[in-house]
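There are 2 protein chains.
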Amino acid sequence: MISVAVLGYGTVGSGVVEVIEGNNALIAQRIHKNIHVKYILDLRDFPGDPFEEKIVHDVNIILDDPEISVVCEVMGGVGAAYQFSKSALERGKSVCTSNKELVAAHGTELLQIAKEHGCYYLFEASVGGGIPLIRPLVRSLAAEKIESIVGILNGTTNYILTKMDREGAQLETVLKEAQELGYAERNPEADVQGHDACRKICILSNLMTGHFVDSAEVPTEGIMNISAEDFALANVAGYTIRLLGVSRVEEGGRLSVYVAPHLVPQDHILAGVSDVFNGIMVTGNMVGDTMYYGKGAGKLPTASAVVSDVIDAVLSEGSEIPGGWDSEKVELWPLSETKSNFLLRVDKSLLGEMEKAFPDGSIITVSGMEQQAGYLTGCVKTGDLEQALDGWKENVHGVLRILA
Amino acid sequence: MISVAVLGYGTVGSGVVEVIEGNNALIAQRIHKNIHVKYILDLRDFPGDPFEEKIVHDVNIILDDPEISVVCEVMGGVGAAYQFSKSALERGKSVCTSNKELVAAHGTELLQIAKEHGCYYLFEASVGGGIPLIRPLVRSLAAEKIESIVGILNGTTNYILTKMDREGAQLETVLKEAQELGYAERNPEADVQGHDACRKICILSNLMTGHFVDSAEVPTEGIMNISAEDFALANVAGYTIRLLGVSRVEEGGRLSVYVAPHLVPQDHILAGVSDVFNGIMVTGNMVGDTMYYGKGAGKLPTASAVVSDVIDAVLSEGSEIPGGWDSEKVELWPLSETKSNFLLRVDKSLLGEMEKAFPDGSIITVSGMEQQAGYLTGCVKTGDLEQALDGWKENVHGVLRILA
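Protein sequence lines, in the order shown, are assigned to chains A and B.
Residues -17 to 386 in my numbering are what the first sequence spells out, letter by letter.
Residues -17 to 386 in my numbering are what the second sequence spells out, letter by letter.
Treat each hint with caution, since some may be false.
Same chains, same names: a pair is fine if it fits in one copy or spans any two.
As the list claims (entries may be wrong) - Each computed DSS-like pair below joins lysine-lysine, with the alpha-carbon atoms no more than 25 Å apart:
{"hint": "1", "residue 1": "Lys97", "residue 2": "Lys127"}
{"hint": "2", "residue 1": "Lys375", "residue 2": "Lys158"}
{"hint": "3", "residue 1": "Lys68", "residue 2": "Lys363"}
{"hint": "4", "residue 1": "Lys36", "residue 2": "Lys15"}
{"hint": "5", "residue 1": "Lys97", "residue 2": "Lys68"}
{"hint": "6", "residue 1": "Lys127", "residue 2": "Lys330"}
{"hint": "7", "residue 1": "Lys321", "residue 2": "Lys145"}
{"hint": "8", "residue 1": "Lys68", "residue 2": "Lys321"}
{"hint": "9", "residue 1": "Lys15", "residue 2": "Lys97"}
{"hint": "10", "residue 1": "Lys363", "residue 2": "Lys97"}
{"hint": "11", "residue 1": "Lys20", "residue 2": "Lys127"}
FYI, nobody ran anything at the bench for these hints, they're computed from the structure.
A quick note: this is a predicted structure, and the numbers were derived from the prediction, not measured.
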């Protein structure tokens, strides 16, 4: 009998309890071990809840109980969650978490503590929600030199972009609808400004390199500047628009990491990732392109990923689980040095200048769009593009990278 | 130092050696163990080959060497491959294989032998080539009740169908081209008649149920009857056509397993799986839909999957790797009892009869198609459909299931 404690009885926490108890017999049959939830830590009481008697308010009850070998940290935040995770690991209890903020901020230290105390710090649920992603990356692609990871990592923004594309609607309208439906938070900054996607691409970059990528150094652009006109131009040129987290080994072996909206070819597998779904493409030097798709958020998908880590911790006891990174900071390749094709949305009066600046480019027009047109630059260095556009800020209304 | 033997120095075998030796330093850095190839078993000599001195002709050299803890069986076939795998497992050497034929036919016994001798029989490469699929299924979705697996499991037929769709071409033309390009074999029966996909969906069904699904009992329909006219009708109705292996828990808990070409909605994530790629959708009761995409065949992708199993065997030593099945045979739900929507391609003279037989249906016409039309039946039981069509065989030219 494996006794587990769940820290936080919110949405994901109640999901973890539901998965462990709801699929209990099935899990036992598969792994020949019985897993049950012994404690649920929460400050609140839950009178009438079927698991009411498991609620505790003092984390020390959990930390001091030698029966508890695995702790699920699904509280969120980097305060108490950090303290409790650290304490649990120091006592040799494995910690499984969905807390991407904590993993991105303190994962390096927590992984080190886990190693020193012969237990595991696991975070499958922190990226891509229910999508098996981290385990395939570190276990199945363990023989691969990973060349790039390109992912739709945020469901809220993907829902908004998909709806804008289908309905020709403006962002403000769709965002408001998404908030009313509960797909976007009232304070949607972390999502729409790309910070959530940034944390996730950093975690994946850490796993990819074995070192630490500081999210503060990752250029991050959200979707707030995307308009119905950008979609109109993109569609005519054969693209849709998706917010992508990108981590790529550039010429010379340096890593570039950034978050930005991209034009994605309509027949690209990532263009088929719609609504609240996430899709992450991982490219290895032997296997080529692979892609992982599923619900990137939500109570049960996220809980399922947390429980998969619990099972991994239980089954792997005494052996090594690959994956992790050290504290050496990765020196990133500057975004200005990366090359891309771009779609510019500019005043028609500027097209002559654009053709001079980017002679390999081509013009995109949309019927009914009177004042503006699109200009496909061809492949240019980001820094050169910025310099070229410097004098025309008022006439340039959109700058979008194209996924190669 | 972990010493590995490779059985068979063909395409996949040379790929395995290339992955282990080419990514050697990287693997060592990740798993803190050095893996090298000590022997390569082949009947042929390879004068001038960089690994010439590792070639042996007698399997007993490998079996008798206590240094060899893992064997990669990439010979193919169910004769010597079966004998050698069995002998290796009986001596406690783990076997990692890409041999789907052997896994489908003798996996039950080989898994049992591995268990009895404290080693592993692993076969990530047997389904979906380089796509991490089996490990996510048994490890990451270990807490899930799997409700269905629906997959594009054969790259050759997917290449043919994609090309037919894009070019409006007939199957014979595309198949001939594919053979010339080496994408299809000279004897393409195993692919185009669906037998290859059948073996793979059986392996996945075994893992899904924990019991044995006999491929001989799985209704298997290939793509030889698909025509340019079927694509024309499908496109008008908003679909493409893909060959799918399907394994689904039906009402009452019985499992239906079959292989057949399906209409797939153009905005479905599986419709984006084109050319030689494979894509497998796994649906769990907690996580919902997840999908795995990548190259389903080819030297290096397949080899990469074999080596990922080698790494798993090395790291998991002494602990349990989940996944496997026993010899209890799964009693399949008869295909005649399964319900689907269908697209029929019929002589226009039959449309009146179709409307009587399937009053919830609707007619699809394609301009330029004079004699025939499409009829969407609505949801019907397969057995009822077959009965209804029984009298009109000569007027019914195509019967295609629609992916729900």
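Cross-check of the supplied hints:
1. Taking CA atoms no more than 25 Å apart as the test, Lys97 paired with Lys127 passes inside one copy only; the shortest distance there is 24 Å, against 32 Å between copies.
2. Proximity of Lys375 to Lys158 under the C-alpha cut-off of 25 Å is found in neither arrangement, the shortest distances being 29 Å within a copy and 55 Å between copies.
3. Taking the shortest Cα distances, Lys68 and Lys363 never come within 25 Å of each other, neither inside one copy (43 Å) nor across copies (57 Å).
4. In this assembly of identical chains, Lys36 and Lys15 lie within 25 Å of each other by CA distance solely inside one copy; the values are 21 Å within and 42 Å between copies.
5. In this homomeric assembly, Lys97 and Lys68 come within 25 Å of each other (Cα to Cα) only inside a single copy, at 12 Å, whereas the closest approach across copies is 37 Å.
6. In this homomeric assembly, Lys127 and Lys330 never come within 25 Å of each other (Cα to Cα): the closest approach is 45 Å inside a single copy and 57 Å across copies.
7. For the homomeric pair Lys321 and Lys145, neither the shortest alpha-carbon distance inside one copy (29 Å) nor that between copies (32 Å) is at most 25 Å.
8. In this homomeric assembly, Lys68 and Lys321 never come within 25 Å of each other (Cα to Cα): the closest approach is 41 Å inside a single copy and 53 Å across copies.
9. Taking the shortest Cα distances, Lys15 and Lys97 sit within 25 Å of each other both inside one copy (24 Å) and across copies (17 Å).
10. Taking CA atoms no more than 25 Å apart as the test, Lys363 paired with Lys97 passes in neither setting, with 42 Å inside one copy and 56 Å between copies.
11. Within a single copy, Lys20 and Lys127 get their C-alpha atoms only as close as 41 Å, which misses the 25 Å cut-off; across copies the closest is 23 Å, which meets it.
Of the numbered hints stated above, those contradicted by the structure are hints 2, 3, 6, 7, 8 and 10, listed in ascending order.
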